[in-house]
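Number of protein chains: 2
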Amino acid sequence: MLGTFCVRVCSGFRATSCVRTLHSLPGITVAQIDEEVAKLLELKVRLGGDDGKHQFVLKTAKGTRDYNPKQMAIREKVFNTIISCFKRHGAETIDTPVFELKETLTGKYGEDSKLIYDLKDQGGELLSLRYDLTVPFARYLAMNKITNIKRYHIAKVYRRDNPAMTRGRYREFYQCDFDIAGQYDAMIPDAECLKIVHEILSELDLGDFRIKVNDRRILDGMFAVCGVPDDKFRTICSTVDKLDKMPWEEVKKEMVNEKGLSEEAADQIGEYVSMQGGMDLAERLLQDQKMSQSKLACAGLSDIKLLFSYLQLFQVTDKVVFDLSLARGLDYYTGIIYEAVLTQAGVAPVSNEAQNGTNAEESVNVGSVAGGGRYDGLVGMFDPKGRKVPCVGVSIGIERVFSIMEQKAEASAEKVRTTEVQVMVASAQKNLLEERLRLVTELWNAGIKAEVMYKMNPKLLSQLQYCEEAGIPLVAILGEQELKDGVVKLRVVATREEVGLLRSTQCMLGPSEDTRSI
Amino acid sequence: MLGTFCVRVCSGFRATSCVRTLHSLPGITVAQIDEEVAKLLELKVRLGGDDGKHQFVLKTAKGTRDYNPKQMAIREKVFNTIISCFKRHGAETIDTPVFELKETLTGKYGEDSKLIYDLKDQGGELLSLRYDLTVPFARYLAMNKITNIKRYHIAKVYRRDNPAMTRGRYREFYQCDFDIAGQYDAMIPDAECLKIVHEILSELDLGDFRIKVNDRRILDGMFAVCGVPDDKFRTICSTVDKLDKMPWEEVKKEMVNEKGLSEEAADQIGEYVSMQGGMDLAERLLQDQKMSQSKLACAGLSDIKLLFSYLQLFQVTDKVVFDLSLARGLDYYTGIIYEAVLTQAGVAPVSNEAQNGTNAEESVNVGSVAGGGRYDGLVGMFDPKGRKVPCVGVSIGIERVFSIMEQKAEASAEKVRTTEVQVMVASAQKNLLEERLRLVTELWNAGIKAEVMYKMNPKLLSQLQYCEEAGIPLVAILGEQELKDGVVKLRVVATREEVGLLRSTQCMLGPSEDTRSI
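So the protein sequences, as listed, match chains V and X. According to numbering that gives the first Met the number 0, the first sequence is numbered sequentially starting from 0. According to numbering that gives the first Met the number 0, the second sequence is numbered sequentially starting from 0.
Simulated from the structure, these hints should not be mistaken for laboratory data. Here the structure is a predicted model, which means the values were calculated and not measured. Some clues are possibly wrong.
[Claimed, not checked] Once the Cα atoms are required to be at most 20 Å apart in a straight line, the calculated EDC-like pairs of lysine to aspartate or glutamate come out as: (1) X:LYS155 / X:ASP65; (2) V:LYS101 / X:ASP117; (3) X:LYS318 / V:GLU248; (4) X:LYS304 / V:GLU102; (5) X:LYS61 / V:GLU102; (6) X:LYS483 / X:GLU419; (7) V:LYS155 / X:ASP279; (8) V:LYS86 / X:ASP279; (9) X:LYS304 / X:ASP279.
Given these sequences and hints, build the entire structure.
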């Protein structure tokens, strides 16, 4: 019976060796049999009872993915570039929990609220996974009565959206936000956000880009003077938002046929939203007979003018364009809005199909890689007394950046290294494990990134092959002769050049007291 | 009616200014009234309807916390130390989603499974938040058929435990794992894990520490030769685990009175578990009349001997002790186990009360700051064919390290900086905003971390005060005279020393074409 049982458990566990040695041992004791039986019974329990079957579905949750070491190496590089920029601009960082009280998220995302992940009610508070980093930031400010902060936050957020993973849309994805909260003089922090986008996109070297700028107040003013009824502002705005994916004729058709706007109003809007320019355009529109009738629009236009004056000082006007067709989806924007798009062909544009408008922050634009704006009302929604903390911020579309960097790495001949090991400590002959461990310890203690194979007697060839695979540039080779001479042979893997290095006096003294006792 | 409504909405939103300007404007147009009404109605909707009340509970979920910028600065420092060590040892890193299929976690945590956070069933797969990083790691290896990897993973895990936040026990907390998977020669990777613990704890400078080592097989063998019935191995083991918090007499009482062990067996165990030593103890026990009867124990003891021989080569035996009372809680260990404890008094020992045994990984020991062991069976549990991937790993008790570092920072006179800004660009007189922005742009473009106040005309004193608060070491002061002379005055905040620096030719040329147009 023990035999049969063993056959069954041997498949998955360490039973094989125990059982084999048990049989081969002549002077077996009762205690030994007892302990072997105990081990086997325990294994049986772990195997899930007598039927011994454990069927796992080996997958990650829908819309999520693991990051393998290569993806992590790319991710780290991108994060380093972005974080360096945030730090250069004096930002602090904070972190918030992955879940919030459900009611904290309620009423912040409009229709998209249906995409929020709720936790199961297991007693206690009702919780939801965070949907973005902006609402937790506003909650943090209100809760801690913070009225001034410049912070970045890089973390994962969760949306039960229809995943399109091949196009970089996931249910778990990173957001990478920089925000300036506080009552300051107009447009200075707003301009710094654009400077930051400019710096990051230049440094990431993703190809040419353009930063489109508009203002919520200009949009609203424009709708008013064009005769859009008040209750149609939002829906017409979301149609305007499609101009980067559809020609004007189709957009107009949607406005008139689907949304019931008068053809005249649509045509007037069409005239404005085709306008692009810089400070000059803002000046022209301030003189525009119709536009100038809207106080809101004028306030927005004056701010655009001021913004451009700061952008000139920041030396970023080459990439920034005032574009009246920009209409970002999120409800909470109150002033300036902006969005950066890659303009170079061939950078894997997200197909139209992926743009269903539900994922406003990430997929607003075909080549959108950053976006943001001013939201002066959000923090006040959390404050019991409604105290406002004006905020302006930017979110880098980091998942899209990852995808592009991964594609670039794939296309490039250069291998992405997943470790930073500088030296492999190898041996040319057998029985040199101790010497290898001794040398690698010296290297580690000196702060050098080094590795050694976990084998008693690895072949030199397999040690060298490992270096080539892992991209380790140097091998320190130990052999009997080198040990006798007190040297180590250092080989450059790529060129096979070798130099003999004299080991330091400390090493020349031979085994320390510690090691002699082995 | 409009008036009454305005009073109500003014509390939380930007309505005040709109309404005020509306009244003061003489030549008001219909379009303007329309747009103002639209804005107000929209605000009303956002305020949640006519009653205008929005009551938020301003808190984070039970057992969780935000990290403020100071805590983040400490966290970053700790992570950098730890990650540098992992990289020095050639580790790659991976990441897995925060939630897994519920069934992936099922049957891995025994009684503690009740602490798993489940997500609400919103249609589709049943999901749970990860409980540790080890099970997702095993799932990742099995799913990708990886048989060799040395990886670290630093991420948050979730346990619906009874939180004790003042003692550093949270429902959302970091784990910081390093593991070596693969079929290698005995004890080499195991020894490297201990070397890593030694390096990290030394570098973090948390005070003196000790790394206790034992082996699951030695424990099981010991129980067998002491006459513990097979079905009592696990429960007696968990009583032994309490030896670091209770005297032997109480532990014995629990064994005999509560768990029904014979007094003779308990006394025999008592003799063994009081033993501590190094390689010599392992040698002695291999000769021990009783212990040597257990093949399992002998295998464990031989491996301890081999381990110590490698630890000597790694120069870490000063802190490592072979301790037969060490019995870590987790079920999945199959070989060597270890745990690092801080031995210095006054490092905020976690009180006994916090040790309810439910949080085995984090609170095993009073001063426990790291722990781990060998688990050769876990990956096989995920493989359809039960293929084993031997693993050994270590988890750094990072939350406890954070607490200690925060206490040290609190006690120290040195201020924790939350930004890395090197220079504040300030002005001595009014109307120099443009000049400040021009200079800060030069600094940013040169990669220098710099800030400027977001005010048109900040007082010099408030700019200097900001530097002192934020710990910014240098101020670049611009004044009319400096601009005329083509210099910038650089002041060391701490000493108030000042030097005049000639600005580079590029700057001497005066406003560029770009900026002249303002």
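Any hints from earlier that this structure breaks? Give me their numbers in increasing order, please. The structure breaks hints 3, 4, 6, 7 and 8; every other hint is satisfied.
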